[in-house]
Amino acid sequence: MLVSSFVRTGGTLGSPQGLSGASAYCRGFGFLGHRRSGGAAQCSGPGRALSLEVREQRDGFRELLLKMRGLPAALPAFPLELTVLYNYLVFTMGASDSAIEGEAEEIRQGLLRVLEAFGTCGQDLSTEELWQKVLQEATAEELQAPLQQLGALQAAWWLAAGRLGSTVGLLRLLSNTEDLGRAHCSEGENELLSLLKAWEVPADASSLSLVQSAKELKEVLCTSAAFLQGLQELEAGNFPTALSLLQEATRGFCSRRVLAQIYTCLGCCAQRMGKPQTALQHLKQAFQVDFQCLPALSHTAAVFHELGETEAELQALTLLYEALDENLAAPASCSPYFLIQTELLVHTPLLASLLRRRHPSEVKYLLAQRCLQEGRVADAVEHYLDFMALLQQGLQQQVPLDGGSALPRIPEVFLEAASALEQAGRHHDAITVCEEVINRTTNLIPRMLRVEERLEQPECPSPGAGLADGLLSQKKESLCCLTWRAAGYLHQGCAWATLETLLPEVEVLQKIRLLALIGRGAQFLELGKHKEALLDFQHGLQISPGDPAAASYLVQALWKLNRKQEAAAHWQKFSQSPAGEDGQQEGQGRRFPLYLVWCLKQAMFPHSESLARSIQDYLGTTNQDPLC
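Residue numbers (this note's numbering): 395 to 1022.
Some clues are possibly wrong.
[Stated by the list, open to error] Think about it this way: if two alpha-carbon atoms lie no more than 16 Å apart in a straight line, the pair counts; the simulated EDC-like pairs of lysine to aspartate or glutamate are:
1. K591 with E627
2. K591 with E642
3. K612 with E642
4. K609 with E594
5. K591 with E610
6. K958 with D1011
7. K612 with E737
8. K925 with E960
9. K612 with E629
10. K461 with E500
11. K954 with E920
12. K954 with E926
13. K669 with E700
14. K527 with E510
[Claimed, not checked] Simulated restraints, written as ranges between beta carbons of each label pair:
15. K923 with K870: 48 to 58 Å
16. Q904 with E871: 42 to 52 Å
17. K954 with R834: 54 to 64 Å
18. C874 with P898: 36 to 46 Å
19. K954 with E806: 19 to 29 Å
20. D719 with V902: 44 to 54 Å
21. Q904 with K954: 24 to 34 Å
22. L990 with E806: 44 to 54 Å
23. K870 with A818: 12 to 22 Å
24. K870 with L988: 54 to 64 Å
25. V991 with G702: 53 to 63 Å
26. L990 with T704: 20 to 30 Å
Please keep in mind that the hints were generated in silico from the structure rather than gathered at the bench.
Since the model is a prediction, treat every value here as computed from it, not as a measurement.
Glycine residues also receive a C-beta, built at the ideal position from the N, C-alpha and C atoms.
Based on the sequences and whatever the hints tell you, model everything.
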């Protein structure tokens, strides 16, 4: 008989090791290191790779099991055979990341061997029916403990597969008849947890050591059942029930890593219940238990965003980015540890979503986006440039584009960056970023794009629905490209317009246009074309509002057109303005090129005493407010 040195040690490897303290970024956020919480065990999970010793033990048990199965099924040998099967499956399951259906088949073969020893068969029975038949017929006292231990493994596999009903049925069978009434849950209690707690697992025989005792496995099952059902209730929206089950899981037997995950789920549950402060407390507990539970920090930022605490949100995102950028290695596992534990049994899409580890690029984008939304333009620019640097360095693997990512499409990020650059006064950089978007999307836009009013898909898809869906998707993508390209041109136009107003040459050019209009308008006055002259003077004032020369000529044109009330109103407005008091000095203090000085002097409107007296006489005669 193979006697395992691992089994003789009582199922533990190595010696306890201390956990390292929290880093500076943890302290900065108010998380002050590790703290044991609730009734959680201090032992952590198995290493990511099996040691050579563990591999040898697994292979040794497998070899022994095959030899024993090569012998005829005999009742006296079954306690040993079932114990060897149990140890082999514990090693096998602990070597994987989750329960494997192939190993579950090994339990079925063991049960069939038991029935064979009693002269019956059960090949056509389901696994649930097979367990019922075995427990009814295999009543020998020496088989009770091995079957209970094997039942614990079966419950673990079914629990990992989410088959809660099968697990409940098995636990009822494994409980003694007289204990069924006591094991049943009272009103308001969870049946699965009640059955697990009431289940009295047999003590291990001294001569048949187990790599992980059934009692230890029962504790793992209790924690896993509470955790798993809490997640199911959370997904279903039954938040009070989910909160109760998850709190029950925190009092269970698990590693620090799992305990931090449970607290993270509690925080998410409290947030969905509309209790953000409670959520923050749970998330803080998660980080105190395991400072590498970065999803807790990610959810903390989301809660602060919900509360409108921008400063705290940005600080949390900054700390999260720094932690991800450091790429902290997982702390060494402390011993003793167990091969089968909660990590292996609880795998749900919701848990994977809640514990999703964000990429540094996602966090960098969130920082940029939030800074831009809050008007922190300088910080937003730096974050956007850091994000784009990841792309330019060819690190696309750091930029996730799946449905769970916080990132929008890359062209949208570039356009946001251009907006930030434009607001920061970096107009040339904004133009360059937009040019990248335009160049990348131009060839993706068809020459003609027809947009239908209704884009809904039919309820009953036709045989050609697949082709239609493809065309619709292509049309939407083309429309997106068209939108991005148009937005790129818009930002470029805004940037160029701003740049033109900042250039001194632009002011000179505007002055030249003004002088040309005044000159032409004056010639129209000489020729008696007063309407044409009026249009030029009005256009000149649009280019340079308040220009005294253009205003004086405008008054003269209106007077000649017999629009005396308008002329008087403009004359009063002009004469009362500071520029009008000394219109002859207009423009002389500006630093225009020497070649424009003579033209400026020619454009000066000569002071007309006769026109001024005529307007004053008109105002005195009418005795009315020309501004009315």
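message: Within 19 to 29 Å: is that where the Cβ-Cβ distance between K954 and E806 falls?
response: 58 Å, violated
message: For K461 and E500, compute the direct alpha-carbon distance and say whether it is at most 16 Å.
response: Holds, at roughly 15 Å.
message: Given the hinted pair K591 and E610, is their Cα-Cα distance within 16 Å?
response: 12 Å, holds
message: For a C-alpha distance cap of 16 Å, please report whether K612 and E629 respect it.
response: 26 Å, violated
- prompt: Does the hinted range 54 to 64 Å hold for K954 and R834 at CB?
  reply: 59 Å, holds
- prompt: Per the hint of 44 to 54 Å, is the separation of the Cβ atoms of D719 and V902 within bounds?
  reply: Roughly 50 Å apart at Cβ, these two residues keep to the hinted range, so it holds.
task: Could you grab the alpha-carbon distance between K612 and E642 and see if it respects the 16 Å cut-off?
output: Judged against 16 Å, a Cα distance of about 15 Å means the pair holds.
task: State, for the Cβ atoms of K870 and A818, whether the hinted interval 12 to 22 Å holds or is violated.
output: Given a distance of about 33 Å, which is not inside 12 to 22 Å, the answer is violated.
message: Holds or violated: K609 and E594, Cα atoms, limit 16 Å.
response: With Cα atoms ~9 Å apart, K609 and E594 stay inside 16 Å; holds.
- prompt: Do the alpha carbons of K591 and E642 lie within 16 Å of each other, as the hint requires?
  reply: Distance ~12 Å between K591 and E642 Cα, so the pair holds.
field: 16 Å limit on alpha-carbon distance, applied to hinted pair K591 and E627
entry: 20 Å, violated
message: Verify the CB-CB distance for L990 and T704 against the hinted window 20 to 30 Å.
response: At 51 Å between Cβs, range violated.
When held up to the earlier numbered hints, the structure conflicts with 1, 9, 19, 23, 26 and fits the remainder.
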